[in-house]
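Novice: Single-letter residue listing:
Number of protein chains: 2
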Amino acid sequence: MTKKVLKFGGTSVGSIERILHAANLIKKEHSKGNEIIVVVSAMSGNTNELIKKSKSISEKFIKRELDLLLSTGEQISTALITGALNELGVKAKSWMSWQIPILTEGEHTNARIINMSVKKINKYLSEGGVAIIPGFQGLSSVGDITTIGRGGSDATAVAIAKIFNTDSCEIYTDVDGVYSSDPNKIPVAKKIPKISYDEMLELSSVGAKVMQSSAVQTAMMYEIPLQVKSTFTNREGTEIFNQENIDYSKAVTGVAYSKDDAKITLIGVQDKPGVAADIFEPLDKNQINVDMVIQNISPDGKTTDITFTIKRNDLKKTIETLNLNKKIKFKNLNHNDKVSKISVVGAGMVTTPGVTFKMFRALADENINILAISTSEIKISVIIDETKTLEAIKKLHSIFKLN
Amino acid sequence: MTKKVLKFGGTSVGSIERILHAANLIKKEHSKGNEIIVVVSAMSGNTNELIKKSKSISEKFIKRELDLLLSTGEQISTALITGALNELGVKAKSWMSWQIPILTEGEHTNARIINMSVKKINKYLSEGGVAIIPGFQGLSSVGDITTIGRGGSDATAVAIAKIFNTDSCEIYTDVDGVYSSDPNKIPVAKKIPKISYDEMLELSSVGAKVMQSSAVQTAMMYEIPLQVKSTFTNREGTEIFNQENIDYSKAVTGVAYSKDDAKITLIGVQDKPGVAADIFEPLDKNQINVDMVIQNISPDGKTTDITFTIKRNDLKKTIETLNLNKKIKFKNLNHNDKVSKISVVGAGMVTTPGVTFKMFRALADENINILAISTSEIKISVIIDETKTLEAIKKLHSIFKLN
Chain G
1 MTKKVLKFGG TSVGSIERIL HAANLIKKEH SKGNEIIVVV SAMSGNTNEL IKKSKSISEK
61 FIKRELDLLL STGEQISTAL ITGALNELGV KAKSWMSWQI PILTEGEHTN ARIINMSVKK
121 INKYLSEGGV AIIPGFQGLS SVGDITTIGR GGSDATAVAI AKIFNTDSCE IYTDVDGVYS
181 SDPNKIPVAK KIPKISYDEM LELSSVGAKV MQSSAVQTAM MYEIPLQVKS TFTNREGTEI
241 FNQENIDYSK AVTGVAYSKD DAKITLIGVQ DKPGVAADIF EPLDKNQINV DMVIQNISPD
301 GKTTDITFTI KRNDLKKTIE TLNLNKKIKF KNLNHNDKVS KISVVGAGMV TTPGVTFKMF
361 RALADENINI LAISTSEIKI SVIIDETKTL EAIKKLHSIF KLN
Chain W
1 MTKKVLKFGG TSVGSIERIL HAANLIKKEH SKGNEIIVVV SAMSGNTNEL IKKSKSISEK
61 FIKRELDLLL STGEQISTAL ITGALNELGV KAKSWMSWQI PILTEGEHTN ARIINMSVKK
121 INKYLSEGGV AIIPGFQGLS SVGDITTIGR GGSDATAVAI AKIFNTDSCE IYTDVDGVYS
181 SDPNKIPVAK KIPKISYDEM LELSSVGAKV MQSSAVQTAM MYEIPLQVKS TFTNREGTEI
241 FNQENIDYSK AVTGVAYSKD DAKITLIGVQ DKPGVAADIF EPLDKNQINV DMVIQNISPD
301 GKTTDITFTI KRNDLKKTIE TLNLNKKIKF KNLNHNDKVS KISVVGAGMV TTPGVTFKMF
361 RALADENINI LAISTSEIKI SVIIDETKTL EAIKKLHSIF KLN
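Note that the protein sequences, when read in sequence, are chains G and W. Under the numbering used here, the first residue of the first sequence carries the number 1, and numbering increases by one thereafter. Under the numbering used here, the first residue of the second sequence carries the number 1, and numbering increases by one thereafter.
Okay, chain G solo, but in the shape it has when bound:
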């Protein structure tokens, strides 16, 4: 007997036809003798529509009631999937988060799952029933409905896999796995059959959003194997494991990119101890997240140039903060928001020398100028001119044999 969590994303339950399709898929898995817990997202578009309603009443809609409002999305899809399974002759029953209960802590709209009761549902599974649970929501310590942040249905699925100790956690979505880059925009992108949690996290945080990052982190922490599959094809998906279970024949697994960064350069900053702290402390206080930082000593040895990147949305606030900062002096402030960030990601990098060099050489061969660099154990990111994005990704696919 295999116990499985099957999680269906918003597009997988986005219409009545798709709900029936998902129900047939669940029926098939159930008929193989598996014990099945289904986690359901809201029908695609539904949550945005509810948010729009709330915003047209108040931009600062009170969070307790916003959670109550948004939780109806998954409640609807949960009821519809359960009804569809019953129509198909499958014994199935819904369980709202307050009925289980799924206990959460933390603020409304941003809660975390801390525990849930398994007894009633395990009994139902052992009697041959399929349990359907809404993703994204839980119950607070004072008995109110909470939600766990956008994309939180992944987190619910992983938490259930952990707490119910299931054999697998299958994430059904509208893509058929994790790709070396965004397959909708980068035609050379290729599906990755197996990937480590770390690589998945690096790829998802910089562009290829297949799963919510915090859910992958939780899966990594508790070593819960994940499978990302398409609801709409029978093709093999992507398995997400621990690094040690993966054979790294390639140094690089994928190339991610994002176009929401901006670059700022402070020219002629007075070079003295503590200047970096003086620059970045006020940014931190203003909740501006600084990504890459590069500092060069200037030719005269007295001043320095500091380049760093931030989210594009924060550009205006960053410039204001820098100009108001009395502690620092600089000659000039340059900024550029026509940049993109390209990252090569691969757990195999650690044991393969020369990846950094190869990447820089490849970009140089294409006449692509690198504006900033940052590296981690399994990722090298560079900032380049936005217009060169596709060219760079293609070249990197070719040089690292991802095609």
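The set of hints was computed from the structure by calculation and includes no laboratory data. Misleading hints may appear alongside valid ones.
Which copy? The list can't say, so a pair holds if one copy fits it or any two copies do.
As the list claims (entries may be wrong) - Keeping only pairs whose Cα atoms sit at most 30 Å apart, straight-line, the calculated DSS-like set for lysine-lysine is: (1) Lys93 to Lys27; (2) Lys63 to Lys53; (3) Lys53 to Lys27; (4) Lys28 to Lys55; (5) Lys93 to Lys60; (6) Lys317 to Lys388; (7) Lys53 to Lys162; (8) Lys63 to Lys311; (9) Lys358 to Lys55; (10) Lys28 to Lys191; (11) Lys162 to Lys91; (12) Lys27 to Lys194; (13) Lys388 to Lys326; (14) Lys63 to Lys123; (15) Lys191 to Lys3; (16) Lys60 to Lys120.
Following the hints, position chain W against chain G.
Specialist: The following block gives chain W in isolation, referenced to the frame of chain G:
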């Protein structure tokens, strides 16, 4: 300190603008120092949309899950109203039926409210907060969401008025009160300032649907005074009381009508004891509701003609049942579904002689043929040719001085 239930129907919360309007109305009542419990219906159209979704999955959608599905409608409007009140600076909090809890008994989709806890909400009211509660739903003895039938938000409002022992129960809707006939179709119809529960029931069951009948029955049973008001005008509404509190200067309060009846006549039925039972027992077994029955002895003294009315939807099934009935013999079966039922309603009738006569005379004066008659203490109903409906209602308004 006055404690009030304010109930808002689907059209009163049918859009964001209307939700804000209702919230302002609640704020005004609250600012007068009243303790306010608000009961909310689903936004108009929402419940039908959810039912449509369920039907496109299954015509026999499993009822437990249907209740879960439909209950999202009031959950949404409750959250939006509560958010709007907070935006207006009013302390307000929602309470789902499972949080109170509102306990129900009976089947899914057709449950009855049996009790609810008042302590937490009374404490909140005494602290100056407005409590917002979804109508139409409750919790079963096994902890599942139940619903209490279409229009059930009225029943929730009346149950809350009873259990919280409020001073009044105000039903905000899209009409500004109870009319002597349907004001949308009968231009001569006039608003009734005060009406008894019985009259209200007779008027609502035959056409002028302002409130759900079972909610009026509950209000009558516990003598809870009701007020029906328009959300959209400041005009006086209709107060619904006990009969003894109403001054009956008029014999007739209103004229209701319905066009969903059909008439059947069995000609030449063998006249012997038990023939009526033989005719109507099989109809009852087939859940066909018979309304009026008229029986005349035929000239030859051996056979009789029997006329009765049924719901128009049941016509086909009724004819089939009669033709299959081996126990009875008749020469001919006539049927007519181009009829309407006109009812004059008035608690003052009991003490005013001649209402029946006056009604028949008035119709005769207009050359309107009466096809069937039925009377009760506060109602006289006749079946007439459908094309004469408006003419009859106008004449009865004039003769009973309702204009």
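Novice: It remains to establish, for every hint, whether it holds in the given structure.
Specialist: How the hints compare with the structure:
1. Taking identical chains as interchangeable, the C-alpha atoms of Lys93 and Lys27 lie at most 30 Å apart only when both belong to the same chain, with a minimum of 13 Å there against 41 Å between chains.
2. Taking CA atoms no more than 30 Å apart as the test, Lys63 paired with Lys53 passes in both settings, with 14 Å inside one copy and 29 Å between copies.
3. Taking CA atoms no more than 30 Å apart as the test, Lys53 paired with Lys27 passes between copies only; the shortest distance there is 20 Å, against 35 Å inside one copy.
4. Taking identical chains as interchangeable, the C-alpha atoms of Lys28 and Lys55 lie at most 30 Å apart only when they sit on different chains, with a minimum of 23 Å there against 41 Å within one chain.
5. Taking CA atoms no more than 30 Å apart as the test, Lys93 paired with Lys60 passes between copies only; the shortest distance there is 16 Å, against 36 Å inside one copy.
6. When the C-alpha separation of Lys317 and Lys388 is checked against a cutoff of 30 Å, the pair qualifies only within one copy, where the shortest distance is 27 Å, while the shortest distance between copies is 74 Å.
7. With identical chains, the CA atoms of Lys53 and Lys162 are never at most 30 Å apart, being 35 Å at best within one copy and 33 Å at best between copies.
8. Proximity of Lys63 and Lys311 under a CA criterion of 30 Å is satisfied intra-copy only: 26 Å inside one chain copy versus 49 Å between copies.
9. In this assembly of identical chains, Lys358 and Lys55 lie within 30 Å of each other by CA distance neither inside one copy nor across copies; the values are 49 Å within and 59 Å between.
10. Taking the shortest alpha-carbon separations for Lys28 and Lys191, only the intra-copy value of 25 Å comes in at or below 30 Å, while the best inter-copy value is 60 Å.
11. In the homo-oligomer, the alpha carbons of Lys162 and Lys91 lie at most 30 Å apart inside one protomer (24 Å), although the nearest pairing across protomers, at 40 Å, exceeds that limit.
12. In this homomeric assembly, Lys27 and Lys194 come within 30 Å of each other (Cα to Cα) only inside a single copy, at 27 Å, whereas the closest approach across copies is 58 Å.
13. Taking identical chains as interchangeable, the C-alpha atoms of Lys388 and Lys326 are never at most 30 Å apart, the minima being 37 Å within one chain and 89 Å between chains.
14. Within a single copy, Lys63 and Lys123 get their C-alpha atoms only as close as 35 Å, which misses the 30 Å cut-off; across copies the closest is 22 Å, which meets it.
15. With identical chains, the CA atoms of Lys191 and Lys3 are at most 30 Å apart within one copy only, with a shortest distance of 27 Å there and 64 Å across copies.
16. For a Cα distance limit of 30 Å, the shortest separation of Lys60 from Lys120 across copies, 26 Å, qualifies, whereas the shortest one inside one copy, 38 Å, does not.
Checked against the numbered hints listed earlier, the structure breaks hints 7, 9 and 13; every other hint is satisfied.
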